[in-house]
Structures are given as structure tokens and as C-alpha cells.
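Use these hints to put chain B onto chain A, whose structure you have.
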Amino acid sequence: MSDTLAIEANELTKRYDGVTVVDHLSLQVRENEVFGLLGPNGAGKTTTILMMLGLTEPASGSVSVLGFNPTREPLKVKRQAGYLPERVGFYENLTARENLRFIADLNGIDYAEANRRADEVLAKVGLTESEIMEKVGPNRNIEKTVGKYSRGMKQRLGIAEVLIKRPSLVFLDEPTAGLDPKGINQLLDLIEGLPKMGTTVVLSSHQLYQVQRVCHNIGILAKGKMVIQGAIDKLGREALAGGRFRIEVETEEPSEKLIKVLRGIKGVVDLEVRENMLIISADADLRREVSKAIVQHNFPLIQMKVQEFSLDDIYMKYFREE
Amino acid sequence: MLAILRKELADYVTSIRFLASFLLVIVVSVTGLVAASQGIRSANLPEGIVFLGLFTTSGTVIPSLTYLVSLLIPIIGIALGFDAINSERAGGTLSRVLAQPVFRDSVINGKFLAGVVTLSIMVGTMLLLVGGYGLSMIGVPPTPEEIIRLFFYFFMTIVYGAFWMGLAILFSIVFRRVAASLLFSLALWLFFSIFILLIAPGIANALAPAGDGTEAELMRNFEVQQMVTRFSPNILFQEATTVLLVPLVRSLGMVTSSQATYMVANPLSLGQSILIVWPHIVGLISLSAVCFAMSYVLFMRQEIRAT
Numbered sequence: 001m002s003d004t005l006a007i008e009a010n011e012l013t014k015r016y017d018g019v020t021v022v023d024h025l026s027l028q029v030r031e032n033e034v035f036g037l038l039g040p041n042g043a044g045k046t047t048t049i050l051m052m053l054g055l056t057e058p059a060s061g062s063v064s065v066l067g068f069n070p071t072r073e074p075l076k077v078k079r080q081a082g083y084l085p086e087r088v089g090f091y092e093n094l095t096a097r098e099n100l101r102f103i104a105d106l107n108g109i110d111y112a113e114a115n116r117r118a119d120e121v122l123a124k125v126g127l128t129e130s131e132i133m134e135k136v137g138p139n140r141n142i143e144k145t146v147g148k149y150s151r152g153m154k155q156r157l158g159i160a161e162v163l164i165k166r167p168s169l170v171f172l173d174e175p176t177a178g179l180d181p182k183g184i185n186q187l188l189d190l191i192e193g194l195p196k197m198g199t200t201v202v203l204s205s206h207q208l209y210q211v212q213r214v215c216h217n218i219g220i221l222a223k224g225k226m227v228i229q230g231a232i233d234k235l236g237r238e239a240l241a242g243g244r245f246r247i248e249v250e251t252e253e254p255s256e257k258l259i260k261v262l263r264g265i266k267g268v269v270d271l272e273v274r275e276n277m278l279i280i281s282a283d284a285d286l287r288r289e290v291s292k293a294i295v296q297h298n299f300p301l302i303q304m305k306v307q308e309f310s311l312d313d314i315y316m317k318y319f320r321e322e
Numbered sequence: 323m324l325a326i327l328r329k330e331l332a333d334y335v336t337s338i339r340f341l342a343s344f345l346l347v348i349v350v351s352v353t354g355l356v357a358a359s360q361g362i363r364s365a366n367l368p369e370g371i372v373f374l375g376l377f378t379t380s381g382t383v384i385p386s387l388t389y390l391v392s393l394l395i396p397i398i399g400i401a402l403g404f405d406a407i408n409s410e411r412a413g414g415t416l417s418r419v420l421a422q423p424v425f426r427d428s429v430i431n432g433k434f435l436a437g438v439v440t441l442s443i444m445v446g447t448m449l450l451l452v453g454g455y456g457l458s459m460i461g462v463p464p465t466p467e468e469i470i471r472l473f474f475y476f477f478m479t480i481v482y483g484a485f486w487m488g489l490a491i492l493f494s495i496v497f498r499r500v501a502a503s504l505l506f507s508l509a510l511w512l513f514f515s516i517f518i519l520l521i522a523p524g525i526a527n528a529l530a531p532a533g534d535g536t537e538a539e540l541m542r543n544f545e546v547q548q549m550v551t552r553f554s555p556n557i558l559f560q561e562a563t564t565v566l567l568v569p570l571v572r573s574l575g576m577v578t579s580s581q582a583t584y585m586v587a588n589p590l591s592l593g594q595s596i597l598i599v600w601p602h603i604v605g606l607i608s609l610s611a612v613c614f615a616m617s618y619v620l621f622m623r624q625e626i627r628a629t
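Order-wise, the sequence lines are chains A and B.
The numbers in the working numbering rise by one with no breaks, and the one at position 140 of the first sequence is 140.
All you need for the working numbering is the position in the second sequence, starting with 1, plus 322.
Read the hints as simulated data drawn from the structure, not as lab findings.
All clues given are correct.
Computed far set for chain A versus chain B, every beta-carbon distance over 12 Å:
1) T13
2) E134
3) E256
Some chain A residues near chain B, calculated using beta-carbon distances under 10 Å:
4) L50
5) T56
6) Y83
7) E86
8) V88
9) L94
10) E98
11) G158
12) K165
Every residue gets a Cβ at the ideal spot worked out from N, C-alpha and C, and that includes glycine.
Chain A on its own, in the form it takes in the complex:
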């Protein structure tokens, strides 16, 4: 990560037919980081990405991508930035290599170089020869057309296509949507490796658990507004000021007295009772103290779970407030 900004957006606003989709959004993405643009469906993530690529014009506000204004100089941005749309589509009657060569052609890469790069990116995304070929005769294999690809293969091909132009910035719109857990892991590993090769990644998602492990910084969007932006651990502390740990205890008919005792334990910030469940927010892992208190007061300890804060909690917190 460096301190140079790859993207800087100020008060970006977009309206479609009078509805404000993106509302005075400001964000900064540093070079060579993975930035997660998170938010529920319809929060304006895709529109934000489209504005940064110059595919749609902002109603007001400004954005600078790699030092260029995408509205004024879209080609300069697009030469260096790759984009993987949410519903990635390919020419289904062409093979993977043909699709890649077309994109390379659009980027002004000559045929021989395109072929070289196609092999390189296919290997990088783990599309093996056996996956992209099919048998048509006893000793004859030909390349499959993309129409016969599975969802996961298409997604990987989408990444390959983004990488073929050797971009310094990539926008991945919901890259994990519709993939199985194994596919998601492969994809995230791939994304994690991109900053090392000098590629900044902006990744949009509503699947927080999945992306939290690869993002350095995140921005949470809701109804077109940036709710919060920053590094994950810092956000966690701020968002869950109530405590970093969450302990769930199941017992039987907890009495007022027990609750009072539990509240009294040092480090407990909050306690919530839901029938037989006690949900304790704490600064530290207080399982030992809590269990001791319960047993001492002759209540059964049926089960107990501790959870460290996760991005999901941050997310839920902001959306509950909405």
C-alpha cells in the first residue's frame, strides 16, 4: 500500500429519473490496496463504479481516477482500469481465447501478444486446458465455447479478461455472486494477490464475511450515502463501542438477581435477555467469569458461545440504524 490515491471522489451525486441513487458520496482509495465497497442491493455501488469508469456521468461532484477525470477523459481511465460487471456476459458462441483476444484487440494489443497474454491470464485464474477443452472425437479436442461454461468458470474468465490489459486498477462488481464456497476462496486468493502485482482493487459486495478477509479498507454504502469508511479493525472498534466480544449464554429462566450479578462483572458493557438467552457485550473474553457466576447461583449452563466482532456486525449495526 502506498499513500498515493488511486481514486478520489468528492460529493459524487447521480440521479436516475429524479431518484437520487448516489448522494454526495466521497471516498478515497489508495494505490495497491483492496478497497471493499459494501452495502445492500440498490445502495448505489454499481452506479458509483460506473461513474468512476466514465460509463455514466455524475449529476454533480467530481472524481479523479488514476489522476484523470473519467467524464472528460474516459479512454485514459479505461486504458488502465479493468471492470468486471456484476452479470458478467461473454459472447457465448466464441471460445474463451476468442473472447479474450477480442478484448485484447479493443485494447490495441496485437494478435501474437494477445495469445501470449491469454495463456498467461488463463493460467493465473486457474482455467486449465482440461476445463476449456472438450472432446469431439476419439483423438480430437477443441476449445469449448463460453456458452458451455459453468458460472464459476465464467466468473474466472471474467477476471482473466480484466487482467489481460494489465490494469493498474480493477473494479470488480460482486465478483463472488453465484459462486460455490470453493470458487469464492479461489477468487479471493486471486484478488488478494493483485496488489502485490501493482494492481489496486475496488471490490463491491453485499457478502461481508467473504470479502472481509481480503479488504484493507472498506466503505459502507446505504441508500447512496457513504455511511462509514476506513480500515476494518478501526471501524470495528468504533462501531462496536459497546464491546469487542459478544458472549451468548443459554440457561434456564434467569432471575433478576443473576442478571444483576452478571452486569456487575468487570468488563461487561451491556447485557440483553431473550427468554433463556443472555447476550453479553464485553471488552474482553469473560467466559470464565460468566460461567462461574451462573453456576454459583445454581443456574444450569446449557451452552455458551463467544464471538469476536466481525464486519457483519458493523454492517448490521449501520443498517439497523437506517
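Just chain B now, with coordinates in the frame of chain A:
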């Protein structure tokens, strides 16, 4: 733009659609040849325009090649263009292509040009097929003037096909669904090639009734009728190509018998033929240009939306 042109051409040439259109082209060529073989002897064309007769004479029941072409070309044009933009949008490839460093207009320019090239290949094949087989059939080589006339015909046919393709592309931009753009294009084609001929007399009778049947009234009625039908690009094309390929046609308007007696029955020179259909030629070219310009503007202004 070259990249898109290359890809679109490769797509067209390898598609089933192209194969079907090409089969149609061959069927039309063969039919036209059969028609000519039946009718060219009895047409008794004067020297110098015999070769053109291959394209314009109809058989005992089979219509002439030019007539078949005027029916076929719109279909090919529509087939080439009706899903140009909306299928890319539905397939999710449009936003991917536009995210590459290409100007947005190169997408539509490339598609249009690829269509024009494909059309040229088809029309060229047809003319050469008929010309070649026809030459061995009748044994009369074309005169230089006939070749120039055929070139004009070739050019007009491309322009006419480009009009229908432009219209289909326009609909493919306006409508999100492929079926809608196809149906609208076909409906318009049906209207301009058939319905306008049915409603033209009605309009003419309403605007200029020929109740007494005087010459002036009949003339007026006919003129209104002709004016209405000329709103149709199909009629424009048919009239223009008839005059271009049949030098014996001296006028498209009504000729009274008193005028006819003063007419000399020899073929018109090329310049004179072109003079008659100059408005047709300009009209067809501008129709194609307007269609393409509208598609262009709409496509450039269309939002690439998230959904």
C-alpha cells in the same frame, strides 16, 4: 472500431443467419435466372440493353430478379440488425465492451459497417452469379453503359438494405427485448411493402375524388396516389431500380395518349435515366442516413445503467 468491425464480420459470416440469408440469395438468383430464360426472348429488347434484361424480365409466372431483390433485401437488412444492441445488453457484453478503451460510437459504427460489408458481399454475389450464368445463357456481353447501370443498381441496393438495417438497429436500441425490435421492424416492412399500396387509392379518392372521370381529375387522383406510395422506401427503391435497369422507361408519371404519340420509342441514355430517379436516389440515401443518425444519437445518449 476496426476491432469491432472485424469481430462483427466474423460473427455475421459464421452465423446461421448468414447461411440462411445466403441460401435465400442463391434461391433468388436461380429464380431470377429462370424467369429471364423464360421471358427474355419474348421481351425483344433493343440492342445495347439486352444484358440488363437478365435482371428485369419476368417469366411466365415467375417475377423478375429485381422484384425479388426488392422483397429480399429488407429481410436481410432486418436480419442483420434487429438484435445488434439489445442482445449485447441482455447478454451483459455491452458494458464489458464499453469498459474497454474504445469510443462509444465505434460500437455502433462497427456494427453498421460490418452489416454494410455483409450486404455488399451478398448483393455482389447475386449480381455476379446472375451475370455470369446469364452471359453463358444468352451470349450477349454487357456494354459499358450496362455495367455502369448495374453498378448504380448495386449501390442503390446496398443503400436500401442499409436503410432497413439502420431501422432494425434503431429498434434494437429503443427496445430492450429482441422480439420487440424484430416484430416492429417486420411490421414496418409489411406496412411499406403491402399496406401502403392498399391504402394509397383510398387516400387519393378522399383527397382528390375523380367523380366525373375527366382527364384532369384522373390525373390529380393518380398523382396523389403516387405521392402517398412514395412515402414507402420499398416503392422508391422499385421505381428507382426499374428506371435504372430498364432504359425504355421514360417517365414515372402519367402520360396521356396525346403526349405518348410524340414520344420516340428508344432507350434513354444513362444520364437521362438518372435524372428521372434522382429524387428517389437522394431520398433513399437520406432515409438511410437519418435512420443511422437517429440510432447513433440515441445510442450515445443512452445510460449504461446498473440494472
